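S.K.: Listed below are the residues making up each chain.
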Amino acid sequence: MNALEDKVESTVVEKIENVDYKMVTFSLAGKDYSIDIMKVREISKATHFTYVPNSLPYVKGVYNLRGDIISIIDLRTMFNLPSVKSEKDGSDGSDEIIILRLDDYLLGIIVDSIDKVVGISSRTIQPPHPIFGDINIKFIQGVVEKDSKLYIILDVESIFGQDAEDVEVTSVDFHQNEVFNENKPEQLNMGFISETLRTFSKFNVTDLNNKWVEKRFNEWKNLKGNSSKDLQLHSEADSEEFLSRFYSPDTGRFWSDDYRNLVYPFLNDIPGGSIRVWNPGCGKGYETYSIAALLSDKFKDSSIKIWANDKDLMSISNAPNLVVDKQTLPEYMDNYVIPVNNRFQFSKNIKDIILFEYHDITHPNTFPEVDIIIARDVLSFLGYSEQLRMINEFKEKLKADGILIIGRNEELPDNEWKRINGNNITVYKKIV
Amino acid sequence: MRVEYINPFVEAAFDILKEVLGDDVQRGELYLKSTSKAVMGVAAFVGLAGNVEGRVLFDMSMETALAIASEMNGETLTTLDDLGKATITELANMITAQAVTKLHDLGFTFDLTPPAIFTGENMEITDNEVEALIVPVIVKQGKIEINVAVRERT
Numbered sequence: 012m013n014a015l016e017d018k019v020e021s022t023v024v025e026k027i028e029n030v031d032y033k034m035v036t037f038s039l040a041g042k043d044y045s046i047d048i049m050k051v052r053e054i055s056k057a058t059h060f061t062y063v064p065n066s067l068p069y070v071k072g073v074y075n076l077r078g079d080i081i082s083i084i085d086l087r088t089m090f091n092l093p094s095v096k097s098e099k100d101g102s103d104g105s106d107e108i109i110i111l112r113l114d115d116y117l118l119g120i121i122v123d124s125i126d127k128v129v130g131i132s133s134r135t136i137q138p139p140h141p142i143f144g145d146i147n148i149k150f151i152q153g154v155v156e157k158d159s160k161l162y163i164i165l166d167v168e169s170i171f172g173q174d175a176e177d178v179e180v181t182s183v184d185f186h187q188n189e190v191f192n193e194n195k196p197e198q199l200n201m202g203f204i205s206e207t208l209r210t211f212s213k214f215n216v217t218d219l220n221n222k223w224v225e226k227r228f229n230e231w232k233n234l235k236g237n238s239s240k241d242l243q244l245h246s247e248a249d250s251e252e253f254l255s256r257f258y259s260p261d262t263g264r265f266w267s268d269d270y271r272n273l274v275y276p277f278l279n280d281i282p283g284g285s286i287r288v289w290n291p292g293c294g295k296g297y298e299t300y301s302i303a304a305l306l307s308d309k310f311k312d313s314s315i316k317i318w319a320n321d322k323d324l325m326s327i328s329n330a331p332n333l334v335v336d337k338q339t340l341p342e343y344m345d346n347y348v349i350p351v352n353n354r355f356q357f358s359k360n361i362k363d364i365i366l367f368e369y370h371d372i373t374h375p376n377t378f379p380e381v382d383i384i385i386a387r388d389v390l391s392f393l394g395y396s397e398q399l400r401m402i403n404e405f406k407e408k409l410k411a412d413g414i415l416i417i418g419r420n421e422e423l424p425d426n427e428w429k430r431i432n433g434n435n436i437t438v439y440k441k442i443v
Numbered sequence: 089m090r091v092e093y094i095n096p097f098v099e100a101a102f103d104i105l106k107e108v109l110g111d112d113v114q115r116g117e118l119y120l121k122s123t124s125k126a127v128m129g130v131a132a133f134v135g136l137a138g139n140v141e142g143r144v145l146f147d148m149s150m151e152t153a154l155a156i157a158s159e160m161n162g163e164t165l166t167t168l169d170d171l172g173k174a175t176i177t178e179l180a181n182m183i184t185a186q187a188v189t190k191l192h193d194l195g196f197t198f199d200l201t202p203p204a205i206f207t208g209e210n211m212e213i214t215d216n217e218v219e220a221l222i223v224p225v226i227v228k229q230g231k232i233e234i235n236v237a238v239r240e241r242t
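Going down the list, the protein sequences come from chains A and B. If you want the numbering used here, it's the 1-based position in the first sequence plus 11. If you want the numbering used here, it's the 1-based position in the second sequence plus 88.
Hints are computed from structural coordinates only; laboratory data are not their basis. It is possible that some hints are incorrect.
[Said to hold, decoys possible] Subject to a maximum C-alpha distance of 25 Å in a straight line, what follows is the list of computed DMTMM-like cross-link-like pairs (lysine to aspartate or glutamate):
| hint | chain 1 | residue 1 | chain 2 | residue 2 |
| --- | --- | --- | --- | --- |
| 1 | A | LYS408 | B | GLU217 |
| 2 | A | LYS362 | B | GLU92 |
| 3 | A | LYS441 | A | ASP323 |
| 4 | A | LYS213 | A | GLU251 |
Predicted model only: the values in this text are computed from it and were never measured.
Pulled out of the complex, with its shape left as it was, chain B reads as follows:
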């Protein structure tokens, strides 16, 4: 992944999560991955298009998703209902949109697709020929893995 793309995603994730969940946000070590990946339970997905092609995947466990949705809505959710799903989707959208805005300021043009959310157990995501940057973020509600795969259109 192009070096210039990395920081905007990391910063956006950090800023937005701090804003909506409070100050206790820690960043894990970034790494690259290209094999199929087990999804923890809830995965929000935003596609990227334009001069690049790719996607951003926000992956977390059901408990984490519930805790985050509860925190953001100021009420305790017990199941991931429509409100909960919409909240997680919105979080994914906010982070990606801010990253894309930062990238735009640097001169890179990206378009977003509307976010989608996947829930379920024992899911696995396989996209062949794609190398993803993994940004693990630890908040007090649990761990969110942000999986960014972007490549230049040649």
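Only chain A is shown next, with the shape it has when bound in the complex:
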């Protein structure tokens, strides 16, 4: 027994003493981070960087470090952390900079304050944990505990490396529904339905909406009779009739008070402060204004920003100056509209938080990570490979504790997304 205890003790001692990894620690937005010391060339204090026009928002400028011109990156901006620059004790207003040595160039990063060099055993580094939600997990090399402080080790190679932009497309268990070449007439009819939905309504039957389409198909049979001819969709009107039950509540109009109250509780987990929302496929903007009013009620002191896009120019072109009749306005919007010639327009404080863009979401989406994505009945109208790409993009863009709302009859692969229970509403969080 004693021998065993000795052995345990000796391994513990060995573990502690075996310092083979040193890191420079610093704080950023109140959390402790660190960087492998082998990547750090030196530490410096500086101010007055030379601003470079047209550079990315997080590039603070360039700096002359004893003859070497290096770029200076503001880590807070880069990670979308609130940029409250506290006037620190260093009253000269200079920033603390860690100069990194990457493959063949130097780079300076601005942090809140540099702490010290800490030596640890590389075996004690634990893989990143999703609770550190401020920073995209792929930038984190690991987490380590030392002297009862937790340090997040940043993977500078993947943050600043050349190929950082390459996004790996993970294979998901998600399929296009191809049910042709089957002998059963049942499946043949179903195949025809998929085909015609695509032709007439650009609706793509995949695992995203397969369950609903099958259910609807059975209803359709009861409605239309069993002969293949009657079952088929012959025109856009047929196709739209088939899809009429698909759409989420309050599609194409303001969210009713009921629907607003349905969404409200799902926002409880969103931390306030700065709230960013993506509303792809916003159409004429009714949904976006509903979201804006709802968020303004819920997060009174937060700064809210909504990116709303649609690729239909006709729909979106009037969205920024939408004028509506009194009877179409639900009660919760009363505080956010102003009368204009017997009709109503949204007030400036609501308009200012929305950015309506004529934009195709399958093109590059250039805005930062968001807390909420509301894409009801949008994915189903994209092609199969685009659906896959957008689901991946949603995962990339959504913060760790953010929520994704998709159409009520749509569902995501459950190995990557965790569904939160709700009636008539489909809400997901990502599994990190």
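Could you slot chain B onto chain A? The hints should help.
M.R.: Quick look at chain B alone, frame taken from chain A:
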């Protein structure tokens, strides 16, 4: 691209072209594009900066450029010499400047960079991660494609 930006560019292109080339100006269907784009032969380029970042590209064939430059100068040009290039550059500058003025009235502040002109065959423009609004305009001298890529600085 922000919805409010679209109309000023379309209107400015329309107004200026009508003014300098006569009434026969037609607008094609607007669309979005994000892949690399073949340039028809002459491309005038104006950069935008300020609260936004982006650029406007005026793309046309050599024949169209020559015909437009001839019309604007009141003489027939056979090659796109310095005068011809300066004319096309000026046209690009006028359209962009008017659009920027209209945007200023709406409360958006843009700065312009001096225009540049590219000529040559088989050119292609690739700007990654940029989505451009294409405004095709048809005049009697040919087709001009106005390619506007603007995004907010975040």
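S.K.: Straight-line Cα separation of LYS441/A and ASP323/A no greater than 25 Å?
M.R.: Violated. LYS441/A to ASP323/A sits at ~29 Å, over the 25 Å cutoff.
S.K.: When you check the alpha-carbon spacing of LYS408/A and GLU217/B, does it fall within 25 Å?
M.R.: holds (15 Å)
S.K.: Does the structure keep LYS362/A and GLU92/B at a Cα separation of 25 Å or less?
M.R.: This hinted pair holds, its Cα atoms lying about 12 Å apart.
S.K.: Against the 25 Å threshold, does the CA-CA distance of LYS213/A and GLU251/A hold or violate the hint?
M.R.: Judged against 25 Å, a Cα distance of about 11 Å means the pair holds.
This entry does not satisfy hint 3, going by the numbered hints stated previously; all others are met.
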